[in-house]
Amino acid sequence: MTTTKSKVVYSPVFTDGAEFRIPTFKLLKQDGSLYKSAKAPDLDKEKALRIYRAMITTRILDERMLAAQRQGRLSFYMQCTGEEAAVIGSAAALDDNDMIMAQYREQGALAYRGFSIDEFMNQLFGNELDYGKGRQMPVHYGSKKLNYMTISSPLATQIPQATGYAYGQKMAGDGHCTITYFGEGAASEGDFHAALNMAAVHRVPVIFLCRNNGYAISTPAAEQFAADGVAPRAYGYKMDVIRVDGNDILAMYEATRAARAMAVEHNRPVLIEAMSYRLAAHSSSDDPSGYRSKDEEAVWREKDPILRMRLWLESKKWWSEDDEKQLQENMRREVLETMKRAQKRPPPPLETLVSDVYDEVPPMLAEQFEKLKAHIRRYPDEYPKSAEHAKGGA
Amino acid sequence: MSKMNMLQAINNALDTAMGADERVLCFGEDVGVFGGVFRATSNLQQKYGKARCFNTPLVEQGIIGFANGLAAQGSVPVAEIQFADYIFPAFDQIVNESAKFRYRSGDLFNVGGLTIRAPYGGGIAGGLYHSQSPEAYFAHTPGLKIVVPRNPHQAKGLLLGAIHDPNPTLFFEPKRLYRASVGEVPDEDYRLPLGEAEVIKEGTDITLLGWGAQMEVIEQAVELAEKDGISCEVIDLRTILPWDVETVANSVFKTGRLVVTHEAPLTGGFAGEIAATIQERCFLYLESPIARVTGMDTPFPLVLEKEHLPNHLKVYEAIRASVEF
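Chains as they are written, first to last, in the working numbering: chain A, 1 to 394; chain B, 1 to 325.
Quick caveat, the hints were computed from the structure, so don't treat them as lab data.
Among the hints, a few may not be true.
Said to hold, decoys possible - Keeping only pairs whose Cα atoms sit at most 20 Å apart, straight-line, the calculated EDC-like set for lysine to aspartate or glutamate is:
| hint | chain 1 | residue 1 | chain 2 | residue 2 |
| --- | --- | --- | --- | --- |
| 1 | A | 145 | B | 216 |
| 2 | B | 201 | B | 187 |
| 3 | A | 340 | A | 322 |
| 4 | A | 317 | A | 42 |
| 5 | A | 371 | B | 280 |
| 6 | A | 371 | B | 246 |
| 7 | A | 371 | B | 273 |
| 8 | A | 144 | B | 184 |
| 9 | B | 201 | B | 223 |
| 10 | A | 145 | A | 96 |
| 11 | A | 371 | A | 388 |
| 12 | A | 316 | A | 96 |
| 13 | B | 306 | B | 85 |
| 14 | B | 306 | B | 216 |
| 15 | B | 3 | B | 184 |
What the hints assert, rightly or not - Incomplete in silico selection of chain A near chain B, CB under 8 Å:
| hint | residue |
| --- | --- |
| 16 | 136 |
| 17 | 137 |
| 18 | 144 |
| 19 | 146 |
| 20 | 161 |
| 21 | 165 |
| 22 | 167 |
| 23 | 173 |
| 24 | 191 |
| 25 | 343 |
| 26 | 362 |
| 27 | 382 |
| 28 | 386 |
Said to hold, decoys possible - Residues of chain A placed beyond 12 Å of chain B at every Cβ, according to the derived structure:
| hint | residue |
| --- | --- |
| 29 | 31 |
| 30 | 240 |
| 31 | 293 |
| 32 | 318 |
| 33 | 321 |
Virtual Cβ for every residue (Gly too), placed ideally from N, Cα, C.
Use the sequences and the hints to build the structure in full.
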């Protein structure tokens, strides 16, 4: 039984979906001018500059923290470089109270929401002010007040969770939606398919934002799927879909704004495929020279989404060379100073090892903890981070 | 008080929870108008509407992923997995997500409202894939609670306890007892505590420990043993994780002997965990080795199900062997 009446044929007729050609939505050329017949979204100066500042924050944070990782100050890092427009353009089109459930490369969305450099640093260094209490590797940010769900390393698990979260929002009738981010590699996981299907069946206000950045670590998109990207899958779930130039901040903003309206006003989930390129390595542990050419990277470096937006801002007379210089200098200084402060802060106290497993520490775990503290008291020099905290107790 | 079987008690618990709090939602495969393949969710859609009790697509990882998101949002999802044997596609969502949500976020977010219901266990000619008892897989995962009821009264009280517990809880229902176990169940909202075992019967010679459908088996074995003049103490563990060491250890201090029984295979079964902990606590009090009476280390069979299962005769033999050691 299907929901649409199917035409009957009397010889085997196969279809390959070739009739579905998905266009790419673009507004902004690389020189900062609009395409002919393209109309800029309704974006005032204040909001445009908020977006731009978040892009610069993200770019500089990424540069400095990768350098810090190379210097051995940080165990691990992941950059968003090249994908800032896809992430920040979409986040900016939402209400700040909409939920964001990201993968791990979306620090730009968090920067846009107002996560401070200090908050970024506290997580990266896992110090006592880290909201996550030093439990997760760097870049696993989360913020309750900014409606940004704490990152989890397993890929795609956040996608069906976003469907569920948004179903709850629909039930609460609060007029909000959820956006979930993931890469084109994660879209191969079963959770992706489960999430889209359930969202379509139950008419859930959720936006699925696929950052198609060309690579899942070293695996190129061509070895990830035979189809024309991730977008065509939406048809199979009867879901609205749009493919966008992910390096085009205006197109990303406008597409997400329209998607949000469909989600919130009509409970229609939407899939957005942002076509971009991961200019950086997958992570600080990865070396792209093993699987792609410098020439290929150079082509995409020419399509820098931040420069493209800057040129547009300059054409609007909203931004100048001086503004740029000042912002970059201030940001570099803030990142550096904040990093130094964060690095010096003490680690989370020993009891964070056992708290938050449950709402209360169960007896068996409390007993294990007392044993551990007694052990640390016997070898305080071996546990410099926690020897002080182990002093209490039986 | 009303006379109910276990399914009716579970249905009544869900009805009670949904009636009291509109954030409680029930969903899963065939859970909607049909009321679930076992009818545990009968009439809930009719009573509370399609938005609060509904069918999901046939995708366990999706059901639990969806439930995790709902719980994080502040809803109180009660997700049904049709058979515990089919919970494994959701293993990642349960083990890596539900269990770690609070810890990894430093308590910014949690899925404490989540309850996952799944019928488990053998004795219904269900073969490999309608018979398993997967509690031990999950018991290895800090952050989860695991609850198994033994009768209708326990089922309602523990399920309401699980739904209101601020931690993600797996609720494994002994499906062999769904209609077979009948008893008096209070009509009102009552919640039995999680993490507490219950001494069902006091005795002095030996402690019998089990959970779920195995409690009935223990009862039959104890009847035989007591005819031989062996005084048995019987404990229902009720919560597998985190489990009540105190109650079990106190009993073994008194009796000096322990038999643990479960349907799941021996190797890696939860009885091993109990035996290790109890011998640590009670070493000098033990009169005989702690015995485990369990399913065999095979996939769950069909025709030879009776041979495979740890029935009352096997438990009785273990009691005798322990006392005569």
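Evaluation of the provided hints:
Of the supplied pair hints, the one linking residue 145 of chain A and residue 216 of chain B is violated, its CA atoms being roughly 50 Å apart against a limit of 20 Å. Of the supplied pair hints, the one linking residue 201 of chain B and residue 187 of chain B is violated, its CA atoms being roughly 25 Å apart against a limit of 20 Å. A distance of roughly 27 Å separates the Cα atoms of residue 340 of chain A and residue 322 of chain A; the hinted pair therefore is violated under the 20 Å criterion. Our distance criterion of 20 Å between C-alpha atoms is met by residue 317 of chain A and residue 42 of chain A, whose separation comes to about 16 Å.
In summary, the hint linking residue 371 of chain A to residue 280 of chain B is supported, as the alpha carbons are separated by about 14 Å, within the 20 Å threshold. Between residue 371 of chain A and residue 246 of chain B the CA atoms are separated by roughly 17 Å; this keeps the pair inside 20 Å, and the hint holds. A threshold of 20 Å between alpha carbons decides the hint, and for residue 371 of chain A with residue 273 of chain B the separation of about 19 Å falls inside it, so the pair holds. For the hint linking residue 144 of chain A to residue 184 of chain B, the alpha-carbon distance of about 45 Å lies beyond 20 Å, and the restraint is violated.
Restraint check for residue 201 of chain B and residue 223 of chain B: satisfied, since their Cα atoms lie roughly 12 Å apart, inside the 20 Å limit. Under the criterion of a C-alpha separation no larger than 20 Å, the hint pairing residue 145 of chain A with residue 96 of chain A is consistent with the structure, at around 10 Å. Restraint check: the Cα-Cα separation between residue 371 of chain A and residue 388 of chain A comes to about 16 Å, which is no more than 20 Å; the hinted pair holds. Restraint check: the Cα-Cα separation between residue 316 of chain A and residue 96 of chain A comes to about 26 Å, which exceeds 20 Å; the hinted pair is violated.
As the CA atoms of residue 306 of chain B and residue 85 of chain B are separated by approximately 19 Å, the hinted pair is consistent with the 20 Å bound. In summary, the hint linking residue 306 of chain B to residue 216 of chain B is supported, as the alpha carbons are separated by about 15 Å, within the 20 Å threshold. Proposed proximity of residue 3 of chain B and residue 184 of chain B is supported: the alpha carbons are some 5 Å apart, at most 20 Å. At a threshold of 8 Å, the smallest CB-CB gap from residue 136 of chain A to chain B is about 5 Å, leaving the interface hint in force.
Look at residue 137 of chain A: its Cβ only gets to about 10 Å from chain B, farther than 8 Å, so that hint breaks. Interface hint status for residue 144 of chain A: upheld, as the beta-carbon distance to the closest one in chain B is roughly 4 Å, under 8 Å. Annotation: residue 146 of chain A was flagged as interfacial toward chain B, and the flag is violated, the nearest CB pair being 10 Å apart, outside 8 Å. Checking residue 161 of chain A against chain B: minimum C-beta separation of about 3 Å stays under 8 Å; hint holds.
Satisfaction of the interface hint for residue 165 of chain A is found here, the shortest Cβ-Cβ separation to chain B being roughly 4 Å, below the 8 Å cut-off. Against a cut-off of 8 Å between C-beta atoms, the interface hint on residue 167 of chain A holds, since the closest Cβ of chain B lies about 6 Å away. Checking residue 173 of chain A against chain B: minimum C-beta separation of about 11 Å lies over 8 Å; hint violated. Satisfaction of the interface hint for residue 191 of chain A is found here, the shortest Cβ-Cβ separation to chain B being roughly 6 Å, below the 8 Å cut-off.
With a least beta-carbon distance of about 19 Å to chain B, the hint placing residue 343 of chain A at the interface is violated under the 8 Å criterion. The beta carbon of residue 362 of chain A is positioned within 8 Å of a beta carbon in chain B (closest approach about 4 Å), and the interface hint is therefore held. With a least beta-carbon distance of about 24 Å to chain B, the hint placing residue 382 of chain A at the interface is violated under the 8 Å criterion. This hint is violated: residue 386 of chain A has a C-beta 17 Å from the nearest C-beta of chain B, more than the 8 Å allowed.
Distance check for residue 31 of chain A against chain B: the nearest CB is about 42 Å away, which clears 12 Å, and the non-interface claim stands. A cut-off of 12 Å between C-beta atoms confirms that residue 240 of chain A is not in contact with chain B; the least separation is 19 Å. At the 12 Å boundary, the C-beta of residue 293 of chain A stays outside the reach of chain B, the nearest C-beta of that chain being 35 Å off. For residue 318 of chain A, the requirement that its beta carbon stay farther than 12 Å from each beta carbon of chain B is met, with the minimum near 36 Å.
Every C-beta of chain B lies more than 12 Å from that of residue 321 of chain A, the closest at about 41 Å, which supports listing it as non-interface.
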